[in-house]
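Asks: For the protein sequence lines, the chains are A and B, in the order given. Residues in the first sequence are numbered from 1 upward in steps of one, following full-length UniProt numbering. Residues in the second sequence are numbered from 1 upward in steps of one, following full-length UniProt numbering.
Honestly, the hints are just simulated from the structure, not real lab data. Nothing here was measured: the structure is a model prediction, and the numbers come from that model. Treat the hints with caution; some may be incorrect.
Reference listing, derived: stretches of chain A covered by chain B, where coverage requires no fewer than 3 residues with Cβ under 8 Å from a Cβ of chain B [claimed, not checked]:
1) 50-58
2) 72-85
3) 100-114
Far from chain B, some chain A residues (derived; all Cβ distances over 10 Å) [to be verified]:
4) 3
5) 152
6) 216
Quick reminder that beta carbons are idealized off the backbone N, C-alpha and C, glycines included.
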Amino acid sequence: MTEPVIDLKHLQKTFGQQTVLADVTLQIAPGEILGLIGPSGAGKSTVIKTALGMEVADGGEARVLQTHMPNRQLLGRIGYMAQEDALYEALTGAENLRFFGRMKGVKKAVLAADIAHVAAVVDLTADLEKPVAGYSGGMKRRLSLAIALLGAPELLILDEPTVGIDPALRRKIWSELHQLRDEGRGILITTHVMDEAELVDHVALLLGGKLMAYGTPAALETQYAVDSIEAVFLKAEGVA
Amino acid sequence: MRAIYIAQRVIHELIRDKRTMALMFVAPVLIMFLMKLIFTQSTTTSVTVATVGVDGNVRSALNAVKHVAVTNKASNAAAQHALKTQKVDAVIRQTKPAHYTVTYANTDATKTNLVKAGFNAALTANGIKTLKQTTLKLSQTVSQMATTIAKVAPQAAGSLKVPQTEPAAATKITDRYQYGDKDTGFFNKIVPILMGFFVFFFVFLISGMALLKERTTGTLDRLLATPVRRGEIVMGYMLSYGILALIQTVIIVLCTVGFMGVEITGTLAAVMVINFLLALVALAFGILLSTLAQSEFQMMQFIPILVIPQVFFSGIVPLDSLAAWVKDISYVLPLTYAGHAMTQIIMYGTRLSALGLDIGVLLLFLIVLTALNVRGMRRYRKV
Ligand SMILES: Nc1ncnc2c1ncn2[C@@H]1O[C@H](COP(=O)(O)OP(=O)(O)OP(=O)(O)O)[C@@H](O)[C@H]1O
Ligand SMILES: [Mg+2]
Chain A
1 MTEPVIDLKH LQKTFGQQTV LADVTLQIAP GEILGLIGPS GAGKSTVIKT ALGMEVADGG
61 EARVLQTHMP NRQLLGRIGY MAQEDALYEA LTGAENLRFF GRMKGVKKAV LAADIAHVAA
121 VVDLTADLEK PVAGYSGGMK RRLSLAIALL GAPELLILDE PTVGIDPALR RKIWSELHQL
181 RDEGRGILIT THVMDEAELV DHVALLLGGK LMAYGTPAAL ETQYAVDSIE AVFLKAEGVA
Chain B
1 MRAIYIAQRV IHELIRDKRT MALMFVAPVL IMFLMKLIFT QSTTTSVTVA TVGVDGNVRS
61 ALNAVKHVAV TNKASNAAAQ HALKTQKVDA VIRQTKPAHY TVTYANTDAT KTNLVKAGFN
121 AALTANGIKT LKQTTLKLSQ TVSQMATTIA KVAPQAAGSL KVPQTEPAAA TKITDRYQYG
181 DKDTGFFNKI VPILMGFFVF FFVFLISGMA LLKERTTGTL DRLLATPVRR GEIVMGYMLS
241 YGILALIQTV IIVLCTVGFM GVEITGTLAA VMVINFLLAL VALAFGILLS TLAQSEFQMM
301 QFIPILVIPQ VFFSGIVPLD SLAAWVKDIS YVLPLTYAGH AMTQIIMYGT RLSALGLDIG
361 VLLLFLIVLT ALNVRGMRRY RKV
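Just chain B, same shape as in the assembly (with noise of 0.2 Å):
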């Protein structure tokens, strides 16, 4: 019963807190509205590639390929000082047939690999053509050859059989996506990660912070002067910003799902339930690090330490290819697991019972934090 009051008491705190109340829920759709900005931008990048001596043919190809522009130079030298003045973002020179040289200005990985892609497929594109014209000529050749049998022999033409020549019909591919659309992109896949990642944050930092301030202001003290058990209170805070987490996944599902476009799979109490599962382990860690620090500052100071690095090693860039110790750490953050699990609800529509390794470990911090939080406590009240 205790409990109930306690978090009913921090949750009209935190409710007269207009400025942290709105960083909890304002701050993290505020931030990843830019994200979705930022990275959908950077897929529209756009190369110019100047052509020193290049066949025509090739040059029309790439110039064909998407977001590649050409400008044909007269030497090599106005090209490469097209390079220097940053006017072009490649040059290619063709110096003897069928043996070209490339230089990239590299100052920009996405544009390397786009000339590199786009003068590749202009390589093909013009092979092909080629060899669509052999066959052309061919064709043209073997009906010429009919029509003079037929006048030569008219009785052999009978038996003789010319194969029509086909329209070639232009190859279709239609796309379908298991998930999303094809404006799908990177954002997409960090939408789950950073969602638990906004989750973890803010629990831990106010949740981290109010305990603190219980402790400096003394207030601690005096509700460890009542027969209030340790537990009721770690419970107290446990239940209070549970329910913080749970209206804070809400609204940033709801603005990802409504102005950002992006597709839930699964269903959103699953969304929740792995939130709220976090919110406790943010919590209790919170509060674990907050009998740490001696003020809010040094509070802060775990942010860089242990906060942004989980960040990195839950699965917003692929770890498959790191060594092996660098993926050992991202096994003992716990929003690698939240991060999993949400990615697999949210992108695959895996079910909870599904789940069962990601919601066990969680559980298993959850377990262990809060059992150190209440033992914890006994410095402040030994019974």
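This is chain A alone, in the form it adopts within the complex (with noise of 0.2 Å):
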């Protein structure tokens, strides 16, 4: 068994008197997708930015590649996508993934070849050299995604990497992040696409700041005794 990639213990996080995480306890293995699934606000991106170190917790650990975090060093193994944008409007996608790499720590010599795979990737290539000011909801979210996956990192999180992406380049994304997951990363994803959900390896559906349910999708439906992870949301939360 190998150790996980993501590895949280009881993790705790308050902002002011809001309990936004109880008690989350959840792994990642390498070669593993993990969809969080949860209602809005419940703390997905919470959990994602005290497992990064950017939120502290205020009990539990977050253990990230074996790492203790909060460790500025494992950055630069990790591929993150914000729920936001997060781009640099005046410059051109080029010029982001450029200044990303560097920050990531790519290597000169094959930061030309990555950018090209990662836009190629998110079907971006011929939109490399406008300004990200004059590019589309869905372009902007696909160059974010292209500098989440810059530098081979060991681990992803995106959080909601596909809003906002058509069908086509959904499922090309999809193709890819299956991809690296068979090459032996992990990955952390958060969705509100719930037939996305059915697409990862674990399923997590984080409800009252505890994880309610964790298995695979089938194993899941079977659980609750539905057909699709959107009738087990729908159950978990009481809406059904």
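Take each chain as given, in its own frame, and dock them per the hints.
Replies: Dropping the structure here:
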């Protein structure tokens, strides 16, 4: 059994009076895609930010790639895509990629090839020389994903990566994610698109600051006696 | 290395932003040009004075004073009316011999002072003229007496020597100026401080806004999700805005020297060093304050509170006569030290090595503010 790439133990986080994460324990193995789902405001983004050390946990421990977080050096081995696009609008797509590639510490010799590769994955090759200010919403999202893919990270943490991306391209992105998984990378992904949740290896449902359900999509569907993750979600939330 | 890439990116973004560039490079020159026009104008105020019953000699002496014109009025009522209707700036009335009453409009202190000075000069000139006439009469009497004596007793006249009155040579004053020339005025005095102020103002504002934008758009978070050091981000900003401040300084210096005829006694390099240092302080200040602002508008709110007062306390107006606590305020403002150093370099040609105190204080500001910034970024990432 290999060591998990993400190992969260009894994570707690409060913002003022509001307890967002009560007790979150979660593991992701190399070569696994974990889909984190849950209603808006459940704390999915907070789980990610605490794991990365951008928010400090009030309790529990976050270990990423066998290292206690927060840890600056480790960030170079993680591909992180935030929920907001966070791009330099005055710069072109290529300039954004080059800048973040350098910040991540991608080697000079491979940077150009790497940029060409990730741009092809998100189908942006033709638009790389345009300033980002002229991109559509979906194009910005794709560029953001491309930045996360730079430097062949061992772990990908993607916060709603496929918002605003058309079905054909979404399929392409998922096949890339599956390929990365097959190479042995770990992937943590949050999504509100329930048919995407069918494509992951394990689903974790975050509700009320706790993981209410965890398992493979098929196992969860059997457990809740429904035929889709969407139905699991609604049933767990008590809507259906 | 990452700091250089960050600097590169900041400059890249700025170059694309044509308006901001224009603001940084054209606005200071434009404002200085306007200030030069305004402050050069004000030195040639002229006044019109109404006189009532003033002796003709005094009147013509007053009229001879530069920028003073005299109109004689028959009655006091007529003169006062002219004053009320803003035809004249002052009324001078002679009540007794050697006794004058002057009424000033006093709506413009410069004009009031000009009348006072002009009238004094006129009285003095008149006094000297009277004295001269007396002297002339005296010497005429003496030579008449000498002629009479020569006629009456020629032998005695041989030993009598009458001093020949030499024509009094007009007093001539040659003016030499340590700094500048006869046109050097208030504008020249404020140029060094203004130069520093522009650097401070624009670097403070633009860098503060830039970092604020990084925070609100999330690029700062994204940047901090890479292995970059917090210090490298601050350094990257310092490098880019430092370079920008240098370019701005060169443009301002070239324009003030080239078009506005301001003389820089010291070396250009020294001016650049001080401005570079000031830009770094402004940058650190801007970054620090941007963490306290939630929006661009809130960033603007710091200008009247923290930026404008610096102009008043940094030496544009002399603070010597003010209360001690007012002077103390100036000691905590970075622009005071930069302004002092710039004045020394531009007007007295002081070398950098003699400005250790100013440079030292600016460096201290820089170190403290930068440390606070690197520390403050912990709010966005814990390591
Ligand atoms: N910096 C913060 N300060 C205060 N409260 C916060 C902060 N960040 C998040 N929260 C609160 O924590 C809760 C969880 O937020 P989070 O962004 O993790 O939700 P989410 O599950 O990602 O939602 P969504 O699906 O809409 O992205 C929300 O109620 C939010 O108001
Ligand atoms: Mg979220």
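Asks: Go through the numbered hints given earlier and state which of them the structure violates, listing their numbers in rising order.
Replies: none
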